[in-house]
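S.K.: For reference, the chains in residue letters:
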Amino acid sequence: MHLPPFISLAAWLPDFGSDGNFAVMSLIKIACLLGVLLTMVAYAVLVERKVSAFIQDRVGPNRVALPLIGSIPVLGPFLTRLGIWQPLADGAKSFLKEDFTPNHVRKLYFWLAPAITLIPSFLTVAVIPFGSNLLGEQMVLADLDVGILYTFGIVSLGVYGIVLAGYASNSKFPFLGGIRSSAQMISYEISMGLSVIPVFMLVGSLNLGQVIAYQADGHWLAFQQPIAFLVFLVAAFAETNRLPFDMPESETELVGGYNTEYSSMKFALFFMGEYANMITSSAMMVTLFWGGWTLPFWGLSAPATTLGGGLLHIGIFLAKVIAFMILFIWVRWMLPRFRYDQLMDLGWRRFLPLTLANLFVTAVWLWLTTTAATGNPLPK
Amino acid sequence: MSTAAPTETKPAPPPVETIKVKVDGREIAVPKTMPDPMSGKPVATTMIQACNLARVDVPHYCYHPKLPVAGNCRMCLVEFGTPAMGPDRKPVLNPDGTPKIAKSPRPAIACATPISPGMEIYTTTPGVKQMREGVLEFLLINHPLDCPICDQAGECKLQEYSVEYGQTTSRFVEAKVHKPKQVDLGPRIVLDDERCILCTRCIRFTRDIAGDDALGIVNRGSYNTLAAYPGKAFDNNYTLNTVDLCPVGALTSKDFRFQMRVWFLKETKSVCTSCATGCNIVIGAREDKVYRYEPRENDAVNSSWMCDSGRLNYKWIGAANRITRLLRQNPGAGSEPITWTTAAREIADRLLAARPGSVAIIGSARQTNEELFLLARVARQVSAVTDSVPRTQTGDKLLVSADRNPNSNGARLTGIAPAVLGSNLRAIADGIAKGTIKTLVVFGEDVTKHGIGAELLAKLDTLVACDILSNPTTDRAHYVLPGCAHAEKRGSFTNGKGRVQRFMKAVEPRGDARPEWEFLHELVRNLNGQDGFTTIEGLFNLMAREVPAFQGLTWAALGDTGVTITLPA
Amino acid sequence: MIVKREKLNFWERLYAPAVLGGFKVTWHHFARTVFRSGPVTMEYPEQKWVVPPGYRGAPYLVKDQAGRTKCVSCQLCEFVCPPKAIRITPPGASGAPGAGNVEKGPAEFEINMLRCIFCGFCQEVCPEEAIFLQQDYSLTGTSRAEMIYNKEKLLALGGTHQDKIQKWKHKAEEAQAQDVFPVPPAA
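Chains as they are written, first to last, in the numbering used here: chain B, 2 to 381; chain Y, 11 to 579; chain E, 183 to 369.
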């Protein structure tokens with residue numbers, strides 16, 4: 002599309018050639034995205050603490066004050082009571098605590114595990130369209146035609162970090178945590194994968210941009226595929242090790258699960274990984290089932306042509322993601338932990354048949370409405 | 011010492027004649043007579059003695075087995091009955107053939123009522139219970155009940171019997187009679203007349219045992235007051251026994267006053283070291299601090315008493331000039347701390363290197379038998395001249411011996427001292443002066459006070475001094491060994507009459523200090539390679555085998571009260 | 183006893199009632215905390231809990247209304263103290279000079295507040311009503327030595343106890359009335 006030069010970012014930058022421009026643009030987007038993602042991770046922790054506090058009739062973090070801002074008459078104390086600076090203190094604490102490596106661990110894997118946990122959750126974000134257009138750029142890092150396959154491929158790597166942590170710690174509770182995690186995450190990956198197949202059967206493409214385009218004007222897949230969405234939602238909880246499925250950590254049984262032996266920044270990496278996973282899972286749900294950056298009114302379903310429209314789409318996307326984040330958080334303080342056999346039972350004996358049935362019904366329905374009726378082999 | 015309570019002479023032959031009486035329904039045969047506590051002559055056995063033999067506890071205040079009977083506290087009232095006699099002067103029998111008992115209509119004080127054949131004594135009847143309650147209520151009428159500030163609390167018979175036999179409340183609502191408090195009765199005694207229950211034990215002891223008629227009761231009725239006779243000082247050497255005797259907190263020791271509550275004191279059986287009598291004592295200590303000595307009953311030695319001078323002679327145990335560091339000194343050029351192992355090795359090397367005959371060892375008759383025995387072995391190994399130091403002052407009739415060393419006989423029997431203590435000291439001094447004696451080992455004595463002055467000590471090549479308190483000898487010694495007080499170790503003494511008595515450890519040694527026998531054992535091993543016993547039991551038994559006079563003794567057989575041996579003539 | 187497990191109906195097996203019930207409870211608390219009465223917790227250093235009467239806080243020594251240190255150094259509290267937190271130095275033969283007919287008082291009285299377990303045995307055993315567990319429950323110090331409270335500190339913190347009986351004063355007056363017991367004037 003053609004845009005006025007003053008809102009084209011490319012026009013403001015020197016020309017590096019075709020590949021060079023792409024690289025520079027991607028780098029800028031990566032930087033912005035990581036910045037936003039890490040900030041969201043940090044503040045997700047704060048929201049988690051605040052929401053849990055309110056649900057439990059408490060105050061939550063309200064102590065950390067910044068020297069200058071804290072002394073602004075009304076605003077400073079308000080922000081302090083809101084705990085707005087708490088993530089800064091948490092971050093500083095993580096860096097300043099003693100980085101303790103117990104003597105009995107397998108050092109290399111012990112060091113590798115936190116990184117392996119964190120990196121996949123960041124990589125997943127690459128294929129998610131987090132907006133339409135802004136300054137002449139498409140708001141997705143990699144507009145892959147196999148986006149969803151990529152996502153599943155990367156997400157399934159996340160389990161290795163946890164398993165590795167459990168194995169490397171060389172201690173019983175982390176070990177049990179690691180074993181639980183491997184069984185749980187592999188089980189639910191199947192349900193999760195099967196649950197999204199109907200989506201792509203309807204859309205006819207694995208490109209996430211195409212999925213969003215399909216959902217324009219309010220044809221959100223959550224309404225067309227409620228069973229698929231619910232299964233995906235539950236599986237997302239299991240995949241991110243969140244309550245009610247936090248078997249690998251389950252403090253009451255396993256001390257801290259796979260991260261028992263970790264401290265300082267290495268623990269913080271696990272912690273950040275968990276929240277980054279929540280964010281990417283939320284973003285996946287928004288993209289697959291809730292229309293991504295689109296809204297069905299005021300023409301917001303179409304890609305933006307102005308700066309304001311571009312920003313608005315990003316805002317819409319973020320708002321939806323945040324809504325899912327709050328759902329994640331709320332559920333943690335609402336539901337008790339499943340028993341391990343219940344978890345397995347749910348995954349294998351309920352969700353797997355359910356998703357298969359859903360797949361079958363969708364296929365039959367598609368055949369009836371399209372191929373059988375029109376003779377066309379594919380919808381659209 | 012002679013006469014009086016400690017009867018080393020054979021006790022009166024056991025009376026063959028016994029009487030059968032029943033105490034609380036249990037029949038027991040008791041001797042018809044028992045020796046009088048004062049004269050030793052046989053007198054009729056009393057009900058309280060029969061009850062004691064039957065192991066039935068009869069509460070009492072004024073009665074004391076070692077004192078004449080007064081019978082004034084009325085606490086030991088019991089009911090009793092005797093076989094009824096018919097008009098034909100024959101016992102009336104019950105239908106089942108047992109003698110009919112005529113219960114006495116009135117109770118009797120058990121301490122002063124002699125028993126008779128067939129008598130039945132009842133100490134648990136409701137009547138006796140009521141009488142005890144009544145007597146206690148009466149005794150407590152004018153008692154101030156100031157247990158929180160009373161030193162006797164915890165070992166007070168008034169407290170104990172009130173709990174055991176008394177009633178919970180008093181019906182007395184009138185004002186109590188107030189009597190003098192904090193009366194300075196003598197140099198070592200404080201009297202609180204309000205607490206006194208007028209049992210007169212102190213008066214009887216002072217008059218009949220100590221032989222100093224200094225105390226008496228003055229005023230009448232409720233105003234009865236214990237007092238020293240005007241113009242007579244209550245300052246004999248046995249006054250503190252009245253504190254032990256006093257069943258309440260009326261007589262308290264100035265020395266122990268408000269120092270520590272008695273329930274904190276750990277009690278250790280020991281022996282007094284102030285003279286050759288070797289009174290048996292109990293050391294009261296808390297957290298390595300000795301608070302008091304109390305006499306322990308041993309009829310072969312000290313009955314139930316001890317003298318004030320011995321009782322108060324404990325403060326040096328915690329004195330400020332205790333030697334606490336094991337030092338190698340170079341007189342005039344400072345000192346350095348060493349270990350016991352180093353000291354034992356270096357001293358042994360010096361002794362072995364010394365020319366035979368050039369070593370003198372001065373032990374102390376304040377050391378234990380075991381230490382003197384080991385010291386004698388050292389002396390034998392290096393052919394040393396040995397001696398000890400005599401301490402002779404005037405004794406008294408009751409307990410204090412003229413010989414103020416607790417173990418002169420031990421020093422003689424183990425061969426450290428000659429028959430007359432101190433007779434070798436002159437020879438040793440001359441030897442040092444002439445230069446024939448170059449090595450001197452001193453244990454527990456300050457030889458500068460006994461003829462070997464500082465100028466002689468300066469001539470020595472080696473001076474080893476082991477002592478508890480620092481003195482001119484230790485100041486000049488090449489090796490200063492910190493010693494242990496008797497309260498800090500175990501061991502045995504042989505007293506003036508040849509009674510071997512053991513004592514136990516009450517407190518931990520100060521600083522580096524270590525029981526002397528442990529060090530001497532190591533020294534002997536370094537000298538001749540012999541490994542002996544590292545326990546006091548084994549060491550004593552070894553000594554008993556080797557020293558003729560101790561033949562047949564064992565540590566265990568000494569018991570708490572010791573064994574008398576035959577001293578060689 | 184065997185409790186028969188209830189068969190779940192269709193809705194319950196969908197977890198729907200449980201999820202809705204959970205949401206109802208959590209929302210109720212969330213809304214109450216955010217929109218209505220606020221949190222139930224207290225913000226500790228600024229807001230302090232007002233202890234109820236009879237609360238067993240730190241034990242302190244008290245004086246009576248005449249200003250007399252009530253402790254007579256009987257050492258029963260030292261004896262009964264389960265963690266051995268109390269250490270009393272008896273006065274020695276001098277007793278308590280100037281305390282009138284109370285012959286004895288502590289030369290030093292120390293409570294190691296690090297050892298104290300606030301059990302109240304000392305208060306219960308005290309025959310003189312001289313030590314009371316008071317309202318302090320948060321004792322802090324920067325060293326172990328600082329947490330050993332001496333007599334002066336304990337008395338300053340303990341304050342005055344209204345003694346209804348005043349047995350020693352009563353005794354002294356009774357003795358003075360009999361005119362045979364010279365009582366030195368109280369300091």
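Don't take each hint at face value.
[Unchecked claim] Short derived list, chain Y residues pointing at chain E, Cβ under 8 Å:
hint	residue
1	Pro-93
2	Val-183
3	Phe-274
[To be verified] Distance condition first, Cα-Cα at most 30 Å in a straight line; then the derived BS3-like pairs of lysine-lysine:
hint	chain 1	residue 1	chain 2	residue 2
4	Y	Lys-264	E	Lys-346
5	Y	Lys-32	Y	Lys-167
6	Y	Lys-276	E	Lys-346
7	Y	Lys-32	Y	Lys-110
8	Y	Lys-279	E	Lys-266
9	Y	Lys-507	Y	Lys-51
10	Y	Lys-167	Y	Lys-76
11	Y	Lys-191	E	Lys-346
12	Y	Lys-325	E	Lys-266
13	Y	Lys-515	Y	Lys-299
Quick caveat, the hints were computed from the structure, so don't treat them as lab data. We put the beta carbon where it would ideally sit given N, CA and C, even for glycine.
S.K.: Decide if the proposed pair is consistent with the structure: Lys-32/Y and Lys-110/Y, CA atoms, cutoff 30 Å inclusive.
M.R.: 13 Å, holds
S.K.: Given the proposed pairing of Lys-325/Y with Lys-266/E, does the C-alpha separation stay at or below 30 Å?
M.R.: This hinted pair holds, its Cα atoms lying about 27 Å apart.
S.K.: Given the hint that Lys-279/Y pairs with Lys-266/E, test it: the Cα-Cα distance must not exceed 30 Å.
M.R.: 27 Å, holds
S.K.: Can the restraint linking Lys-32/Y and Lys-167/Y be considered satisfied, given a maximum Cα separation of 30 Å?
M.R.: 27 Å, holds
S.K.: For the pair we were handed, Lys-191/Y and Lys-346/E, check the Cα-Cα distance against 30 Å.
M.R.: With Cα atoms ~25 Å apart, Lys-191/Y and Lys-346/E stay inside 30 Å; holds.
S.K.: When you check the alpha-carbon spacing of Lys-264/Y and Lys-346/E, does it fall within 30 Å?
M.R.: Violated. Lys-264/Y to Lys-346/E sits at ~34 Å, over the 30 Å cutoff.
S.K.: Hint validation: Val-183/Y versus chain E, beta carbon distance must be below 8 Å. Holds or violated?
M.R.: 13 Å, violated
S.K.: Taking 8 Å as the limit, does the beta-carbon of Phe-274/Y come near enough to a beta-carbon in chain E?
M.R.: Holds, because the Cβ-Cβ distance from Phe-274/Y to chain E comes to roughly 7 Å (cut-off 8 Å).
S.K.: Between Lys-167/Y and Lys-76/Y, does the CA-CA distance stay at or below 30 Å?
M.R.: Satisfied, since the Cα-Cα distance of roughly 17 Å is no more than 30 Å.
S.K.: Hint check: Lys-507/Y vs Lys-51/Y, CA-CA at most 30 Å. Holds or violated?
M.R.: Within the cut-off at roughly 24 Å; holds.
S.K.: Min Cβ distance, Pro-93/Y to chain E: is it shorter than 8 Å?
M.R.: 50 Å, violated
S.K.: Are Lys-276/Y and Lys-346/E close enough, with their CA atoms no more than 30 Å apart?
M.R.: 38 Å, violated
Of the numbered hints stated above, those contradicted by the structure are hints 1, 2, 4 and 6, listed in ascending order.
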